[in-house]
Amino acid sequence: MTAGSRAAASAALRISNLRAGYGKARVLHGLDLAVEPGEMVGVAGPNGVGKSTLLKAISGLMPRMADRMEFGGAPLKQSPVDAVVQGIAHVPEGRRVLADLTVEENLRIGGIGGRVQDFASVRQGVVDRFPSIVPLLHRKAGLLSGGQQQLVAIARGLVAQPRLLMVDELSLGLSPTAVASISAATVSSCRELGASLLWVDQNLAILGKHCDRVILLRDGVAVDIDPRDTGATNSAYF
Amino acid sequence: MIIGDAKNRTLVPSVAIAGVVTVAGLALPLDPALQYTLIGALAWAIAAIGLDVLVGFTGQVSFGQAAFVAIGAYATSAFRLSMGLPLVLAVVLGVGVTGVIALALGSVVVRYRIFGIATATLFFGYVVVTVLTGDTFSTVFGGANGLAVPEFAGLEAGGKGYLAVTGVVLILVVVATCLLNDSQTGRAFRMVKTNEAVAASAGIRVRQVKMISFAYCCVLAAIAGVLYSGVVGYLSPEGFGIKQSVNIFAMLVVGGAGTVGGPILGALLVTILPGYLLRDGHVSAVVFAAVLLVFLILLPEGIYGLVHRWATVLGRTVPGLSAAALRSRSRWATAGRAGPRPPAETPPDRRSSGSDTGGLALEVDGLQVRFGDFVALSQVDVRIESGSVHAIVGPNGAGKTTLLNTVCGLYLPSQGDIRIFGSSIRGVKPHRIRDRGVVRTFQTPAIVPDLDVVANVKLGLDTDLKGSLWTDLLGPLATGGRERVLESRAQWALDAVGIAARRRGMLARNLDLSEQKRVELARGLVGQGRLLLLDEPTAGLSADEMQALAQTLRQVHRDFGLTIMVVSHHIGFIRDIADAMTVLDYGRVVGTGTPDDVLARADIAATFMGVETAPLAEAEDL
Amino acid sequence: MGLLLSAGISGIAVGLLYGMIGFAIVMLYKSTGVANFAQGTLATLGGFVCWASMTDLGLPLWAAIVVALVASAVLGVAVYFVVIRPRPSAGNLNITVRTLGLSLLLLAVMEWRWGAGAPYRFPAIVEGTGVQVADFVVPAQSLLIAAVAAAIMGTLWALFRYSNVGLSFRAMAEQPDTARLLGLPATRLSAATWAISAVLGTVVAILLAPSSFLAPSTMESYLLFTFTGIVLGGLTSLPGALLGSVIVGVVSNVTIVALSLEAGVLVVFALLLVVMLLRPQGLLGRPESVRL
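Residue numbers (my numbering), protein chains in the order written: chain A, 141 to 378; chain B, 631 to 1252; chain C, 93 to 384.
Next up, chain A with everything else stripped away, as it sits in the complex (with noise of 0.2 angstroms):
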């Protein structure tokens, strides 16, 4: 184990009656959620049922109301900045990588805003656990493939030294190929770690085969489901 590994230690987070939506677009309604320490959570729905949103609104990117929001027994404030400091790292949808910047700048930013101490050998632990990246690290970030991209957007994720991971959609328009070894490396990673993973995704089979548990959300609220079940499923998506 690396020195980042050790210090990633994990924390609970607990979220009761969050509301939260665009302008008129009320999206979540009263949600509850708890992710436990070292917990892979999936969180699979239908388009636009919220599941970005409540991401943005763990980590503080839009305006949001809830009863209770705690991360490791500290209050969640209303901010990117404090969130990332606490140890959430946002891995947002469609990857943003920022694409004027080299692979390894991209991983550097990745590791300004949070609480990183050691900061070579954190990025050191999460190249080693990527090693697709290693041959890209001086290559700008916007020529990449999606699939790259999406493995650069995690990995600067993972050098903030996370003690929760979210990531928003990964399976997003990349190949089942591409899907399942991205996935595998990114849940092997937080195992390793000891960050806990929040994976919000349409892939309802991709979130089953990796995560502990998978909650759909459904008219804004969140429900447990077992992924097999395919009439919980479906009547989320049909």
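Since the hints were derived computationally from the structure, they do not count as laboratory data.
Be aware that a few hints might be false.
[Said to hold, decoys possible] Which residues of chain C face chain A? A partial, calculated answer using Cβ under 8 angstroms:
id, residue
1, R272
2, G275
3, L276
4, P277
5, L281
[To be verified] In silico negatives: residues of chain C with every beta carbon more than 10 angstroms from chain A:
id, residue
6, D148
7, A170
8, P211
9, A216
10, N256
11, A278
12, A350
13, A355
14, Q373
A virtual CB, placed ideally from N, CA and C, is assigned to each residue, including glycine.
Keeping the supplied structure of chain A fixed, place chains B and C upon it in accordance with the hints.
Same frame as chain A, now just chains B and C:
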């Protein structure tokens, strides 16, 4: 945008402001300096109203308004002095020349967003002052020495008569501008301000609308220039520099952009405060700039907006007032529906009624769309039978919205062809595609938030019932007949989508999401749409709202024989309404057929739920 | 011919000055969406602070320059917090007009304080006739400008490339939302961007003042030429702003020497319109994907 709301129907308060100021100026015994400043303020108000049409209503910008005031003033004076033309002819020619120059500059700058327009107009202002100051034209324009303006026949420069003329012209400008803003052209201004891409796909010629707005702005500047030249009696280039352009901008910011009365108040404050009350030039300039900044930062809605807000609060607390306001609003809401309304089953002038069955409404052949290196769609083939409902489904990022955007002309294909009712749309602009009957809704309802519901729907008729700028300026006298048709059709379309009558007079932003989606649908139905493209009409709706929407869509589909292409994630909704569906994944078509057949395929289920199957052919290399 | 060639050379120097201001404007525009029309008057004010430090406080030139640079950094931060940051919901156009208002305010203050005696002679930083190349002379001031521009651009390039702060700036400029999401301190970075802009402006004013004299409205036409350079370069491209500005500098200088001041202004304006018509995305910009 700068300043809060662009209100409908500002005619009465705006004319009242112009009228009260003029009458007060005429009735009160003003000292000559103040009277002189007041006339100047009224002239500048005209230029500020023009700029407000461009900025507050159309969402564009110009930092060269003072230069157009200068062109109007100098051209008119030069026609009189150098060519000896009579006053009226010189004014007509002077204003005309300004309009032509505005159109020439406008044709370049309308392609740009704020930064480009700001730079070009600012620079233009500098060029005009440089040319007027320079020696090249000093024989005509007087160069740096300036130009003495001969007195207008029978009008003493600073006298009550001149004040009356200026006031009357201002009132006429206010009336014309209010009428314009309430007309089809004015509604198009607001839509361009809200979202240019949406406006284009609703059939509005975006660049033309921006040009009209720019030209109107500059013509008012020229009229202001003529009146100003008469009262000062002497033109000198430095009075029309960048500083003065910023001053005019300040008038609408301080007064309240997006209103017609606001700029008049702003002009009075900006002109009289430094020019008359604070005569020390330096102190006055500092105070003036500080006041402008305070308004920009603390009161971005301006004086007019502030008073309006107070009035609303007052109206709420004083019951009598609010009841009166309600009465007048409901009168507005019902007035339009008094006219004849066509029965719902026979849409007016629907040339395509009943004919859109058999044949293909849409053929997409080998379509490829790329953004730089990213291929969003490749080898996409879609056939949609006339009169059918065809669903496009697929996971996020599959290229569904890109396909709709390409069909309505917002994106250009890099390969392949699209034919709508048999003819290719290659090289056809979005508004022309709208002319062919392609009507589009957007995932987030693309309505104009600060227009009322009925006005939003009328925008859908821009192509079919085009107004002209000239008739729109004359208001109901010239456009009454057309407005009655627009009104009755809009009401009919709102009936068809089920918007309650009492909600139709409200500003569109105050509706809830499902109503906004219906209003957008009504805007599509009201014109002669034949192919309706719906992007995620169900997103964000509750199950009940979704069912009600499906009901409405089935109804309009049956009644009007429309062809519908709908993108949705809700399979239940699609099973409910679609005759056929196409599944997109990674920008390619992975399945097509009737919903039941397609959804029965295991590999299709995989694209929705990610059930693991064999990797698709083009597995992307990491 | 020799005259035009030397006009072209000093045009490059002037273009580099436009380019430095343009660089500051594009940096602000990319990270905040605001076109800073106060850049010119901020620069002039920096020049006056330098001048006043010499005449009123009796400082030597180098000390006055240090005072002016520090003062403009402070002013830049103050402007950000007082004028730009409050009420961001008012929209970019509102904030852009605020910069114009600020420009008016600073101009008025300068006119009040220093307007009466303007224009002032400003001491040159370097004396001497310059360097003889073939049959014409490259003025010492042009060489200084080129050297300073190269030094500043080199420093900024290294800063952007190697320092964490510089990387954060680039992230902010490319994707402000993502930068926020990654926990970068957006407020502090924006304040720093304003400070750097103001300092760059002051450097330009001090380099420019010896040849153009110092008056409150000195920078008016310079700002226009700078904006033209930015549009030429493609609005959001930092190298584009530099390239466009040098083109504008050379074209304007050569036409002014060959014809007249008026002609110079007109030719640059014509250049702006032609580029806007024929290449709307500018020389180094990217075209828009949506057509209207």
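Hints and how they fare:
no.	hint	in the structure
1	R272	holds (5 angstroms)
2	G275	holds (3 angstroms)
3	L276	holds (5 angstroms)
4	P277	holds (6 angstroms)
5	L281	violated (10 angstroms)
6	D148	holds (43 angstroms)
7	A170	holds (23 angstroms)
8	P211	holds (42 angstroms)
9	A216	holds (39 angstroms)
10	N256	violated (5 angstroms)
11	A278	violated (8 angstroms)
12	A350	holds (39 angstroms)
13	A355	holds (39 angstroms)
14	Q373	holds (16 angstroms)
When the structure is compared with the earlier hints, violations turn up for hints 5, 10, 11 and for no others.
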